[in-house]
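If you read the protein sequences in the order shown, they are chains A and B. According to the working numbering, the first sequence is numbered sequentially starting from 1. According to the working numbering, the second sequence is numbered sequentially starting from 1.
Each hint should be verified, as a subset may be incorrect.
[Unchecked claim] Here are the simulated DMTMM-like cross-link-like pairs (lysine to aspartate or glutamate), alpha carbons at most 25 Å apart as the crow flies:
#, chain 1, residue 1, chain 2, residue 2
1, A, Lys120, A, Glu168
2, B, Lys423, B, Asp648
3, B, Lys592, A, Glu168
4, B, Lys592, A, Asp139
5, B, Lys592, A, Asp165
[Claimed, not checked] Stretches of chain B that chain A covers, calculated by requiring three or more beta carbons in the stretch to come under 8 Å of a beta carbon on chain A:
#, stretch
6, 91 to 98
7, 109 to 122
8, 272 to 279
9, 468 to 474
10, 555 to 565
Calculated directly from the structure, the hints in this document are not laboratory data. Where a beta carbon is used, it is the ideal one built from N, C-alpha and C, also for glycine.
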Amino acid sequence: MHNENVALTVNGRRHALDLDPRVTLLDALRENLGMTGTKKGCDQGQCGACTVIVNGQRINSCLTLAVMHAGDEITTIEGLEEDGNLHPMQAAFVRHDGLQCGYCTPGQICSAVALLAEHKAGWPSYATADVATAPVLTDGEIAERMSGNVCRCSAYSNIVSAIRDVAEGGRI
Amino acid sequence: MAEGKLADPIGLPLDRVDGQLKVTGRATYAFEYATQGGAAYGVIVPSAIAKGRVVAVDVQEAQHAPGVLLVLTKDNAPPQTPWGPVDLPDRFARAEPALDSDEVRYFGFPVAFVVAETFEEANAAAALVSVRCDSLPGQYDLHSAGPTAEDPGHISDGAPANSSVGDFEAAFATAPVKIEALYTTPYQNQAPMEPHATMAVWEGQMLTVHTSAQLTTSPQEGLARTFNIPKENVRVVTRYIGGGFGSKLPFYVDATLAAIGARIVGRPVKLAMTRPQLFHMTTHRTASEQRLRLGADRDGRLTAYGQDALVQCARFDNYTEPVCGAARMLYAAPNRLTRHRLAKLDLPRSDSMRAPGDAIGLLALECAMDELADALGFDPVDLRLRNDTEIDPERDRPFASRHLAEALRLGAARFGWDKRIAKPASVRDGRWLIGLGVASAVRADVLRSATARARLERDGRLTVELAMTDIGTGTYTILTQVAAEAMELPVDRVTVRLGDTRFPPTAGSGGSFGAATSSSAVLAACRKLNAGLALGLTEAEGSVTPADLDDTYAHAGFGAHFAEAAVHRDTGEVRVRRMLGVFAAGRILNAKTARSQMIGGMTWGIGSALIEENHVDPRYGSFVNQDLASYHVAVNADVGSLDVMFLDEADPHGSPLGSKGIGELGICGAGAAVINAIHNATGARIRDMPATPDKLLATLETLDA
Ligand code: FES
Ligand code: FES
Numbered sequence: 001m002h003n004e005n006v007a008l009t010v011n012g013r014r015h016a017l018d019l020d021p022r023v024t025l026l027d028a029l030r031e032n033l034g035m036t037g038t039k040k041g042c043d044q045g046q047c048g049a050c051t052v053i054v055n056g057q058r059i060n061s062c063l064t065l066a067v068m069h070a071g072d073e074i075t076t077i078e079g080l081e082e083d084g085n086l087h088p089m090q091a092a093f094v095r096h097d098g099l100q101c102g103y104c105t106p107g108q109i110c111s112a113v114a115l116l117a118e119h120k121a122g123w124p125s126y127a128t129a130d131v132a133t134a135p136v137l138t139d140g141e142i143a144e145r146m147s148g149n150v151c152r153c154s155a156y157s158n159i160v161s162a163i164r165d166v167a168e169g170g171r172i
Numbered sequence: 001m002a003e004g005k006l007a008d009p010i011g012l013p014l015d016r017v018d019g020q021l022k023v024t025g026r027a028t029y030a031f032e033y034a035t036q037g038g039a040a041y042g043v044i045v046p047s048a049i050a051k052g053r054v055v056a057v058d059v060q061e062a063q064h065a066p067g068v069l070l071v072l073t074k075d076n077a078p079p080q081t082p083w084g085p086v087d088l089p090d091r092f093a094r095a096e097p098a099l100d101s102d103e104v105r106y107f108g109f110p111v112a113f114v115v116a117e118t119f120e121e122a123n124a125a126a127a128l129v130s131v132r133c134d135s136l137p138g139q140y141d142l143h144s145a146g147p148t149a150e151d152p153g154h155i156s157d158g159a160p161a162n163s164s165v166g167d168f169e170a171a172f173a174t175a176p177v178k179i180e181a182l183y184t185t186p187y188q189n190q191a192p193m194e195p196h197a198t199m200a201v202w203e204g205q206m207l208t209v210h211t212s213a214q215l216t217t218s219p220q221e222g223l224a225r226t227f228n229i230p231k232e233n234v235r236v237v238t239r240y241i242g243g244g245f246g247s248k249l250p251f252y253v254d255a256t257l258a259a260i261g262a263r264i265v266g267r268p269v270k271l272a273m274t275r276p277q278l279f280h281m282t283t284h285r286t287a288s289e290q291r292l293r294l295g296a297d298r299d300g301r302l303t304a305y306g307q308d309a310l311v312q313c314a315r316f317d318n319y320t321e322p323v324c325g326a327a328r329m330l331y332a333a334p335n336r337l338t339r340h341r342l343a344k345l346d347l348p349r350s351d352s353m354r355a356p357g358d359a360i361g362l363l364a365l366e367c368a369m370d371e372l373a374d375a376l377g378f379d380p381v382d383l384r385l386r387n388d389t390e391i392d393p394e395r396d397r398p399f400a401s402r403h404l405a406e407a408l409r410l411g412a413a414r415f416g417w418d419k420r421i422a423k424p425a426s427v428r429d430g431r432w433l434i435g436l437g438v439a440s441a442v443r444a445d446v447l448r449s450a451t452a453r454a455r456l457e458r459d460g461r462l463t464v465e466l467a468m469t470d471i472g473t474g475t476y477t478i479l480t481q482v483a484a485e486a487m488e489l490p491v492d493r494v495t496v497r498l499g500d501t502r503f504p505p506t507a508g509s510g511g512s513f514g515a516a517t518s519s520s521a522v523l524a525a526c527r528k529l530n531a532g533l534a535l536g537l538t539e540a541e542g543s544v545t546p547a548d549l550d551d552t553y554a555h556a557g558f559g560a561h562f563a564e565a566a567v568h569r570d571t572g573e574v575r576v577r578r579m580l581g582v583f584a585a586g587r588i589l590n591a592k593t594a595r596s597q598m599i600g601g602m603t604w605g606i607g608s609a610l611i612e613e614n615h616v617d618p619r620y621g622s623f624v625n626q627d628l629a630s631y632h633v634a635v636n637a638d639v640g641s642l643d644v645m646f647l648d649e650a651d652p653h654g655s656p657l658g659s660k661g662i663g664e665l666g667i668c669g670a671g672a673a674v675i676n677a678i679h680n681a682t683g684a685r686i687r688d689m690p691a692t693p694d695k696l697l698a699t700l701e702t703l704d705a
């Protein structure tokens, strides 16, 4: 297997890498760049622990190869803090205890940040009664939109509270 | 030291102290101690048969694949201690060898191990290993093994397998009102989000394993036993654990193989089981068949109370799920009979999963109580109140504290139980049928041994160290609170360090003993330090042992679950709209993290009632559901609104801090409340868990459109 040169832009920083083309984006982050905040729960697109934000949209980083992401803007959990302060979503997860073991947490938080953007852009979900109107972010909407992120500790109701808090402009 | 002192931090709903690390991705889990270049990568090759022998392993191609450093099989694995011994008092300290023989003991059994420079290379080479096996016929079906199942003598918590009070058979035969029902619960998997993983490093004769484990001292001993080396030469580090739920009580071949691999290739080796491998290579919760026989007089007092349980363990193991443990403590009845029978099958190992025994024992018992209430024409809350007891009904000791009745009464008021219509299928909301259900919760409390060290640093900060773990339960946080209160320091001046066998030994996290045990040790250490400060003492150790729990009393946490279920009239889909859990669990050490434990347990209750099940393929002896797409755990959209209430319970006869275990109480009875709500909604009695829509359709068809 011949390596490929690829430049990944992660949290605003460009990294030139010489990569085995079989390396997933998840493993490139964790094993090649040492950014282990993004977690591997299943490596097969079924748990959401590996969720990162690519060009503004959340994806499962275990389901995509790193070499496909040259030029993309990749945001991981390590990139959410600003000036050493927690992102409001990170702070809300702590405040509402939206985590226990913490293993699903980076994925949940990246997912939640992207969810608010999706909602703002007017995207409907399965839980949206009328897809022609701008959906209201009910608890049911949040729960539906977060159901790709499994939390076996089952912090779900606290996760919903945390997201609601941020969506409503909660304190930091 | 009073300046800046937080008023009695124990109990406050403080944010968890490791929260910042976890929300920023900076908490380090086992696989994350070295990245590419710093460690080589291991991949396990599993067997594709359940029982038999490995005849030959062809490693030629794999060995010459790019980046490969080692291909290990039965032909070149180093000598190790055989698995076991099976009767070791601490079963989590057994030897866990890998590739030490040609025997295949269950489907997915490790038969080869590849180490390579990168994960991709190890994976690719693993696919090139060709394994030839001779398959033997195996026994995989629990039900058909029932008639030949053995009396195991003891169940896993050490209690006798059988218990009997009075004359059950005679009382049951003559009871004016009775029910007899067979309940079945399926195989379940703990499915922690972090797969079992280890990174092993040798420095001379010293082995360090960074592993994902609930225990520290036991795997240290077990690895030493496996490799026949002194325990002092093994260090286990497990600072952050991505969930365990019982599955990380034993250690597994990931630790063994990482250690062997690291020794041979002369550098750190790390490996994580793949998600599908978890389903066979680690433990699961046994399926069960439970015969419930309840007899009562016309006043609703139980006269005969019987539970027979059939459970599975691996052919070579002896684990017996303590299914009837809850029944032995929950209700008064003069004539009682509980029995466990154990079927040894050629399946992977069964062992603990959140609230072993009680989670599934109560799923059956508390549904059977609902059936009895029906047969009597009694309100289910009332029936439970009538059978409450202040005395442990089988061991004739008073409960140190027991507030089941208060939990039921307060819960009923808060939940709006009085609005429940007893006649099933009476309430509709459009196409949805609405029902309410209740169930009691009980979970026994034990104290184990632990030692903690407390040290006052020169800058006035306190460091607390013990080989305890925080599996997400909030241990770092509650121990910080306990130490801060004992030393009268602000919590931000206390640092708790866990998860390292270099610290004083503890029993670790499991069986709901973790918080009471470790916090009692921390309290003892801090008290000693505090008392010695004037004499110049700066460091002290304190311990707790099982004897610190007064055994003239019975110890358990209690509670009551209430659930509202909506069942779709046409599809049989069940939605849990809301649940309330009221718990009497002694002194609560942190109101926020304790609530999180409860909502976690209640959510597991929803999962066990509605979706969680694994199936055995009877042809191959494998579990059919080998990933998270086919083994369903509850996700966010499965959970309605959850309400948790703790009773203010002082337990003067309990653990030194008066706390009780809370990690498991939340699941105990939770699923039964949901199943009972489904009955109230539809009239369907589900006795075969989980209550998937197909099991409801027949009843739904009998209802008016
Ligand atoms: S690790 Fe990517 S979805 Fe599970
Ligand atoms: S916090 Fe443990 S899996 Fe979500």
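So, going through the hints one by one against the coordinates:
A hinted pair counts as satisfied when its Cα atoms are at most 25 Å apart, and Lys120 of chain A with Glu168 of chain A qualifies at roughly 12 Å. Between Lys423 of chain B and Asp648 of chain B, the direct Cα distance comes to roughly 35 Å. Violation of the 25 Å bound is thereby established for this hinted pair. At most 25 Å may separate the alpha-carbon atoms for a hinted pair to count; Lys592 of chain B and Glu168 of chain A meet this at roughly 22 Å. Straight-line distance between C-alpha atoms of Lys592 of chain B and Asp139 of chain A comes to about 21 Å, which keeps the hinted pair within the 25 Å bound.
With a C-alpha separation of about 17 Å, the suggested pair Lys592 of chain B and Asp165 of chain A falls inside the 25 Å cut-off, and the hint holds. For the stretch 91 to 98 of chain B, the assignment as covered by chain A is violated, since 0 residues bring a beta-carbon within under 8 Å of that chain's beta-carbons and 3 are needed. Chain A is given as covering the stretch 109 to 122 of chain B, and this holds because 4 residues of the stretch bring a CB closer than 8 Å to a CB of that chain, at least three being needed. Residue count for the stretch 272 to 279 of chain B with a Cβ under 8 Å from a Cβ of chain A: 3. That meets the three needed, and the coverage hint holds.
Chain A is given as covering the stretch 468 to 474 of chain B, and this holds because 4 residues of the stretch bring a CB closer than 8 Å to a CB of that chain, at least three being needed. Check on the stretch 555 to 565 of chain B: 0 of its residues sit with their Cβ under 8 Å from a Cβ of chain A, so the three-residue criterion for coverage is violated.
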